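Throw the hints in and build the complete structure from the sequences for me.
2 protein chains.
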Amino acid sequence: MKNTSTRDKLIDTGAELIAQHGYNATGINAVLNSCGVPKGSFYHYFSSKEDFGLAVIERFADDYAVGLKALLEDESVTPLERLQRYFARGRDYMQTCNHETGCLIGNLGQELSGQSDVFRDALNTVFQRWEQHFVACLQAAQAQGAVSPRADVQALASFILSGWEGAILRAKTLKSVTPMEQFESILFEYVLVDTVARQSA
Amino acid sequence: MKNTSTRDKLIDTGAELIAQHGYNATGINAVLNSCGVPKGSFYHYFSSKEDFGLAVIERFADDYAVGLKALLEDESVTPLERLQRYFARGRDYMQTCNHETGCLIGNLGQELSGQSDVFRDALNTVFQRWEQHFVACLQAAQAQGAVSPRADVQALASFILSGWEGAILRAKTLKSVTPMEQFESILFEYVLVDTVARQSA
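Just so you know, the sequences run in chain order R and S.
The first sequence begins at 751 in the working numbering and counts up one residue at a time.
The second sequence begins at 751 in the working numbering and counts up one residue at a time.
Hints were generated in silico from the structure; no laboratory data involved.
Watch out, some of these pointers could steer you wrong.
[Unchecked claim] Below, computed lysine-lysine pairings styled on DSBU-like, alpha-carbon distance capped at 30 Å:
#	chain 1	residue 1	chain 2	residue 2
1	S	K799	S	K789
2	R	K799	S	K925
3	S	K759	R	K799
4	S	K789	S	K819
5	R	K925	R	K819
6	S	K819	S	K925
7	R	K759	R	K799
8	S	K759	S	K789
9	R	K789	R	K799
10	R	K819	S	K925
11	S	K759	S	K819
12	R	K925	S	K789
13	R	K925	S	K819
14	R	K819	R	K759
15	R	K819	R	K789
Just so you know, these numbers come straight off a predicted model, no measurement behind them.
Next up, the structure:
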């Protein structure tokens with residue numbers, strides 16, 4: 751039976767090093783050294799570096815989805831307030847990581863999409879899963895009359911995810927969450943709050 | 751006197767390899783081999799790999815700014831049409847590069863912002879310069895009454911740049927320009943076209 755705690759340790763350390771240096775620049779040896787696992791052990795847990803990279807993506811995406819779902823399905827607040835809490839949480843995280851790591855899936859999407867269809871597919875699937883959480887939240891807002899019934903929630907969800915990922919990138923280069931604040935403020939000023947008012951005008 | 755054509759060749763090849771593989775994974779030897787320049791020559795032109803990376807960023811940013819300026823200051827069409835042409839040009843480019851390379855500045859921003867303040871500053875300066883072209887275009891739209899005089903064009907420009915960079919990232923992982931189309935369509939449906947109508951309502 752495989753020792754899952756060693757596997758977990760490799761994945762967690764890998765996620766940390768990949769977030770800091772990128773996938774290509776993170777060697778298997780650096781991961782092993784960093785968590786004190788003997789060199790020979792790696793292939794006991796993973797068939798290749800790619801297999802390891804996919805496990806890191808899966809772990810990060812699953813963990814992230816748990817938080818995303820909890821925030822966007824929290825029925826104690828309105829659907830649009832859930833989105834605001836999600837954005838606030840994202841800004842808190844960016845400040846915690848000193849605006850350095852940002853979104854691991856976004857980082858790997860930039861780095862690997864053009865290099866590997868296996869990674870591209872895996873990362874795209876993660877984005878599409880996240881997008882569906884936004885779709886569900888926007889549908890809940892529609893059901894409550896906070897978003898127009900005629901709004902294309904799928905396109906809106908794609909717009910929000912793209913804009914948020916881009917704002918995270920800008921927050922990294924600016925070393926400030928201002929682009930994330932500006933994204934949210936314009937989104938709520940123009941796109942979300944007024945969809946009913948505008949479309950019924 | 752330095753041979754500028756060899757320097758140019760190194761920069762152009764470097765830009766191509768960095769766009770494909772990232773900065774960390776692009777070795778100086780690979781650049782030299784790829785353009786047939788002898789190994790000893792590199793330090794004749796650049797003091798370090800970082801110096802070389804900064805020259806690649808500067809070249810790409812300058813070339814890109816020329817096209818951006820030409821599109822966004824083209825007085826033969828309205829300011830909002832200029833933005834639409836810019837977005838169309840971006841989608842054409844993504845199709846030309848098979849959705850693989852995307853935006854070199856965005857890629858390096860993701861990869862290097864957390865690793866090096868020198869690169870972060872250089873990339874942030876590029877983004878800020880680009881953003882000012884959007885500001886000028888939005889101000890021209892305001893002057894013609896197509897955008898409300900009360901709209902915060904600086905925040906709108908930041909929103910557009912973030913959203914567009916994020917849409918390019920999503921286009922890479924999806925291998926399709928659909929996220930770029932969705933970004934433009936929501937931007938014009940909610941944010942730009944209606945600013946006058948909404949704010950005077």
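So, going through the hints one by one against the coordinates:
1. A distance of roughly 13 Å separates the Cα atoms of K799(S) and K789(S); the hinted pair therefore holds under the 30 Å criterion.
2. In summary, the hint linking K799(R) to K925(S) is supported, as the alpha carbons are separated by about 23 Å, within the 30 Å threshold.
3. Restraint check for K759(S) and K799(R): not satisfied, since their Cα atoms lie roughly 33 Å apart, outside the 30 Å limit.
4. Restraint check for K789(S) and K819(S): not satisfied, since their Cα atoms lie roughly 37 Å apart, outside the 30 Å limit.
5. In summary, the hint linking K925(R) to K819(R) is supported, as the alpha carbons are separated by about 28 Å, within the 30 Å threshold.
6. Simply put, K819(S) and K925(S) have alpha-carbon atoms about 28 Å apart, close enough for the 30 Å limit, and the pair holds.
7. Distance restraint check for K759(R) and K799(R): the Cα-Cα separation of roughly 15 Å lies within the 30 Å cut-off, and the hinted pair is therefore satisfied.
8. A C-alpha spacing of about 14 Å is found between K759(S) and K789(S), which places the hinted pair at or below 30 Å, so the restraint holds.
9. Between K789(R) and K799(R), the direct Cα distance comes to roughly 13 Å. Compliance with the 30 Å bound is thereby established for this hinted pair.
10. This hinted pair checks out: K819(R) and K925(S) have alpha carbons roughly 26 Å apart, not beyond 30 Å.
11. With a CA separation close to 25 Å, the supplied pair K759(S) and K819(S) stays within the 30 Å bound.
12. For the hint linking K925(R) to K789(S), the alpha-carbon distance of about 36 Å lies beyond 30 Å, and the restraint is violated.
13. A C-alpha spacing of about 26 Å is found between K925(R) and K819(S), which places the hinted pair at or below 30 Å, so the restraint holds.
14. For the given pair, K819(R) sits about 25 Å from K759(R) by alpha-carbon distance, which is consistent with the 30 Å threshold.
15. Taking the CA atoms of K819(R) and K789(R), the gap is about 38 Å. The hint is violated against a cut of 30 Å.
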